[in-house]
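Visitor: Chains as they are written, first to last, in our numbering: chain R, 15 to 395; chain Y, 15 to 395; chain C, 15 to 395; chain S, 15 to 395.
Among the clues, some could well be false.
Note: identical chains are not told apart, hence a pair may lie in one copy or across any two.
Said to hold, decoys possible - Below 30 Å or equal to it, Euclidean Cα-Cα: the simulated DSBU-like pairs (lysine-lysine) are:
#  : residue 1 : residue 2
1  : K385      : K283
2  : K58       : K141
3  : K58       : K352
4  : K17       : K141
5  : K165      : K230
6  : K58       : K230
7  : K58       : K385
8  : K141      : K352
9  : K58       : K17
10 : K230      : K385
11 : K141      : K385
12 : K230      : K283
None of these hints come from the bench; they were simulated from the model.
One-letter residues, chain by chain:
There are 4 protein chains.
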Amino acid sequence: MNKLTWGMIGGGEGSQIGGAHRVAAGLDGAFSFSAGALDIDAAKGRDFAIRLGAAADRAYGDWREMLEGESNRPDPVDLITVATPNNTHFEITKAFLQAGFNVLCEKPITTTVAEAEEIVAVARQAKRLCAVNYGYSGYPLVRQMRAMVAKGELGAVRLVVAEFAHGFHADAADADNPRVRWRYDPAQAGVSSVVADCGSHALHMACFVTGQTVTKLSADFASCLEGRALEDDALIAFRMHGGTVGRLWTSAVAVGRMHGLTLQVFGEKGGLRWAQEQPNQLIWTPLNESSRILERGAAGLSPAAQSASRLAIGHTEGMFAAFANLYADLAEAIRAQKEGRSMAADAFACPTAEDGLHSVAAIHAAAASAKSGGAWVELEG
Amino acid sequence: MNKLTWGMIGGGEGSQIGGAHRVAAGLDGAFSFSAGALDIDAAKGRDFAIRLGAAADRAYGDWREMLEGESNRPDPVDLITVATPNNTHFEITKAFLQAGFNVLCEKPITTTVAEAEEIVAVARQAKRLCAVNYGYSGYPLVRQMRAMVAKGELGAVRLVVAEFAHGFHADAADADNPRVRWRYDPAQAGVSSVVADCGSHALHMACFVTGQTVTKLSADFASCLEGRALEDDALIAFRMHGGTVGRLWTSAVAVGRMHGLTLQVFGEKGGLRWAQEQPNQLIWTPLNESSRILERGAAGLSPAAQSASRLAIGHTEGMFAAFANLYADLAEAIRAQKEGRSMAADAFACPTAEDGLHSVAAIHAAAASAKSGGAWVELEG
Amino acid sequence: MNKLTWGMIGGGEGSQIGGAHRVAAGLDGAFSFSAGALDIDAAKGRDFAIRLGAAADRAYGDWREMLEGESNRPDPVDLITVATPNNTHFEITKAFLQAGFNVLCEKPITTTVAEAEEIVAVARQAKRLCAVNYGYSGYPLVRQMRAMVAKGELGAVRLVVAEFAHGFHADAADADNPRVRWRYDPAQAGVSSVVADCGSHALHMACFVTGQTVTKLSADFASCLEGRALEDDALIAFRMHGGTVGRLWTSAVAVGRMHGLTLQVFGEKGGLRWAQEQPNQLIWTPLNESSRILERGAAGLSPAAQSASRLAIGHTEGMFAAFANLYADLAEAIRAQKEGRSMAADAFACPTAEDGLHSVAAIHAAAASAKSGGAWVELEG
Amino acid sequence: MNKLTWGMIGGGEGSQIGGAHRVAAGLDGAFSFSAGALDIDAAKGRDFAIRLGAAADRAYGDWREMLEGESNRPDPVDLITVATPNNTHFEITKAFLQAGFNVLCEKPITTTVAEAEEIVAVARQAKRLCAVNYGYSGYPLVRQMRAMVAKGELGAVRLVVAEFAHGFHADAADADNPRVRWRYDPAQAGVSSVVADCGSHALHMACFVTGQTVTKLSADFASCLEGRALEDDALIAFRMHGGTVGRLWTSAVAVGRMHGLTLQVFGEKGGLRWAQEQPNQLIWTPLNESSRILERGAAGLSPAAQSASRLAIGHTEGMFAAFANLYADLAEAIRAQKEGRSMAADAFACPTAEDGLHSVAAIHAAAASAKSGGAWVELEG
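For reference, chain R alone in the conformation it holds in the complex:
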């Protein structure tokens, strides 16, 4: 099986997310790094791309150059990852989709609902894949949760409780550090900070696992550190189209919490609990029975969880492997595309532009609700 070719825009040397994409794309050996416009500094970006293995003529100075270069080749890259600053996602993703490329865009896919709707439309028209990196959905046991819900093992899902709390923006003495400050500046971050940055992951997981979307929500935003124009803590009540009740807490000032992304799902026939910091175990409680500890890699897990798992039970798989599952999904879909095979809609677990749109709509609805004193706001999009 020949390797697929892959290019990246942004994610230059020293960027954590860029490195994570490279590890994830390469983990199964499905993608080969072939082209890149990796840095705002064209020379640096070219140099780094070459060091990563790109041919010199595919080490581009910026994304426009790359769009032109790749478009004019007989062998353009099979997949483009967009890992540039948030406010450039729309323009770049749209341009590449229109030129016929498959794209994996970092979240948020755009900064407005209208733009996100446009991306969805463009991707459909172009018949290209447009994925969004809600990478935590790649954990095998998150996929197990989704499979169990889909199979009805919880009965109707009544309640989903999502959380993403950290404490790394809690230090007042560090609040003006540019690394932190831009996140609370509406000009750079948009209508929301921690909900957009963290809460959106938890909310995506709630949708991913339940197979439902959010219909309306009521939000409370708080700026716990003085002088912040955007929220550093939020509480959101929501309802989903299948009738599920939702609760979400997200925070950037929860000192001592590291990466508190958790999901709890409660249905008529049982409950599930999972925490990102201990991703290789899932607690399942069938109604009126003892809780069970489902281990990643265990016999008896769903096919979706099994195929997303690389190591034997008891070994630890972390975020790289989770993230690699999105690339594995993309590889499979791209091969189907190249071979003209159709895929079952539910066979593609990787989050898409539709998910990205839903997330942007939820962020905007939350900001609107918070502004109007917690009024329930229906989601656009």
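Please arrange chains Y, C and S on chain R, whose structure you already have, making use of the hints.
Guide: Relative to the frame of chain R, chains Y, C and S by itself:
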């Protein structure tokens, strides 16, 4: 030191809470059971009281008989515990306070704010102790949290996150079981179910630990099981008088959660996390440092935590010992009362009628907010 | 039901174990403290006994006075607890048994195997109860483990792994503190320190849960702190009469370990894991299935676990309640004795003189094995 | 920086360990797969090598062919990984070292002490790197433990407690499954089963972290399943050259234990505890202080832990990333070798042939001790 005398109303044979009160009151040997009107069935109640050690003439048929009997004795009981159905708390507590007794009332102290205000006024006028059984405040490490906050070890408290989630009302097949059903019947349970039953404990802990009261809140109530007139799940955003932001989730349909009472407190200088199911450890994270595991019984804990602890570090103390700390507080205050000593206000950690009033006000505010679509409601009382 | 009467020798004011016995004996209201010789200082002991509720003529100056006083009463105490220094257990226990009293003796029951054998013989001859305080066997989930093994839910038990590790004797600067030093002085502590003090509890649990005794063992003793004549860390391999293989690690120098008493039992058909610091959960793994979390108080637990449990599921029960289960066992057996009823042998879960003898034999065998370079030593007794 | 070239012998399609090596070698992009003799079936092996990216003339049919082919090239691979059956390690590793290749060999490096000694000698003479895959030593927090010990933060290390317990050979009905059976067949597995397979990892970690080697040991082997000629459970007491006391338990019949590799290290000034199943946290207890939770990725960790870490704090790193650290160590050492730079001895954390020899010596000593009833046996080599 002579034992104090103690009586109970309600809490008859087979009642879990009655048994817990007896264990707690007797644990340190400070109180001796001397009088009781323990059962709605007068004969049964008398018989049980005698078996518990009351003299025959102090084994009463009902609370009115007990009020009269004890009032006319030269040696009336030093403390009365009221563990009758919720809608009788007001009448009984008021009558005993007015007759000059010290009272420990089960929560909720009353069913309306006006009644709770009256109890507060009566207790002040009578100069008697009126305590309310928010028993989880007796855990040594909950007192440690309170002491650390009071001492400023967290700096200003920005955020408090409280949770009390269980799943024991999730079985649709069991929903008509009388043991469950009354809790969702407004005629018996009042304006709220799980917020009143469970959430109020978590909210009290938030107040107890921060030393603040709730000023306003926004609530979302959900009835996850069809046909329930009251909420079995709720999410509440709140603000406290000292500026702290609050989040509360409570549920009775969270299958697999047992007794999920947890408190997290986040301030300028650190964070604290505690869970009732593992009460002998407290996680403390000083800002920009590693988290520490504070063990109950450890050297270096606050005097409040030390004096609330009976066993050496590493041994487990559970709910009986926590609950006994409220009785220990009461014993100390009653001895001071009898000896005419005054006590420092902050020396009495046991929750009082004021706390009970605050809790009732919060429950009513939450119900009102939920009814009006999550509007922020200020607390009465 | 009239209360039983109870007396204690040793366990004076300020003693932790004395206080624990009083809480445990009183927790269910079965025993009433009626007599005591509580302190080496006769006057202090008398004064404290009176304050605890003993009549003046039953507040004794020493155990001999108490033996005589109680023997000559028409209503001697129903149970005597012996909580004096270890080297006095034999003499006092023997004397009270011979005088017809039921005795609960602190562990170790004696300091030599011969003495322990004598106690067993004396108790049989006197037809009195002689219990030994291996109090951790009172935890409901330890009894659950025992019931599951007895019922065959694990199949034949192949392997038991017991551990009791703490770190409170690790501070070289504190090694000469009398509180610590005596434990490493053979003149006071006998042939073993941490094995006798801690390991013996873990070993008792292994026997209690498997229903087997140790037949032979091989031990390695280490004195990690310079100058200690006795071991502060030990590793023991053992075999049990039913064919079970055993492993035991115990330590007093494991800095950071608090009260690391754990038991793991592995059989043909499943495994069980329990830890004293989190006593309200038991992990059960049926062969080839997911692990289950058995909660204290859950429906479906064995009758032995149910009857040893006082609070609803999710609430925490700690050591006081565990310890109280030994007193509850004794109360039931004493009532049967008084009423001339016979009890099924396996109905009395409380550890007995036979268990105490077995423990002393194991300690001596371990010391002998360690001395002879880990040679396998068969147990006496 | 040009990629290094890498080849593998064994680890063909479907092999878990082969896949893990490929992920680990490629994770940082340092190595490029260039040559392989991957399968006992020459055609299959060639085909798979080509699919993995090897040029056709470097897709070999067996290791001898590969030795010849690579030796005769101007650009032989920079590193060879040997992932063939255990009894071939010696021959292959020796041959490649002698031909001037750097080798990473799967554990055990050889099956006898004499062979391991020969490998050590050959590697020294050839001045080539010979590494052994004790991959758990690559976890950042294992390196943190080592750095803390080396820096003296624990003072003298008194005690090390290592454990590796799983339950995957506990099913009697599965005991004759060839996947299981060969491990208990002395003809295939040698003198030891679970000690060689699992215990050796735990023992290596004990040595790696303390910086000490084992001088002597006393072992108890048990075959819990009938008919097994080799041990499926073992307990080992040991002493290290620096005076540290050691305890090791390893098991393959501990039903419910998944991959119970843990290490606890206790010194004069503190203790450390780490568990493979939750590798991103390390518990550190300074003497007489509260325990701290050290998070992978935290500021303040040692340079060794920092440089072994790729993701921000709170994100999960698993076994692939740990394992990749061995390849990162090798890449650095190979670059130094190619550039003629010398490296500080302690800069190369990757386990070497010396570690492999020590491990083989310990396995043989344990088997000898167990055979002679637990007698203390000194290590060869």
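Visitor: Okay, which hints does this one fail, numbers in order?
Guide: Violated: hints 2, 6, 7 and 11.
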